[in-house]
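**Student:** Sequence:
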Amino acid sequence: MHSAEARKESRGAHAREDFTKREDGEWMKHTLHWYEKVRLEYRPVHMDTLD
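Under full-length UniProt numbering, the first residue of the sequence shown is numbered 1, with each subsequent residue one higher.
Source of the hints: derived by calculation from the structure; they are not laboratory data.
Quick caveat, the model's predicted, so the values are computed rather than measured.
Each hint should be verified, as a subset may be incorrect.
[Claimed, not checked] Here are the simulated lysine-lysine pairs, DSS-like style, with alpha carbons at most 25 Å apart:
{"hint": "1", "residue 1": "Lys37", "residue 2": "Lys8"}
{"hint": "2", "residue 1": "Lys8", "residue 2": "Lys21"}
{"hint": "3", "residue 1": "Lys29", "residue 2": "Lys8"}
I would like the entire structure built from these sequences, with the hints used as guidance.
**Tutor:** Quick look at the structure:
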């Protein structure tokens, strides 16, 4: 739930009424969540193929 609340956009199955547009410039990244202490981190999405 924390990850969904932190993402201020709509993308795929994650749709928000208050943020209806997809924002690749800000949110094209993976969201990582740790449970021991609620903590979010982000990693970039790699757009390259494995050719």
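**Student:** Would you mind marking each hint as holding or not holding in the structure?
**Tutor:** Hints versus structure:
no. : hint          : verdict
1   : Lys37 to Lys8 : holds, 22 Å
2   : Lys8 to Lys21 : holds, 9 Å
3   : Lys29 to Lys8 : holds, 13 Å
Violated hints: none; the structure is consistent with every hint.
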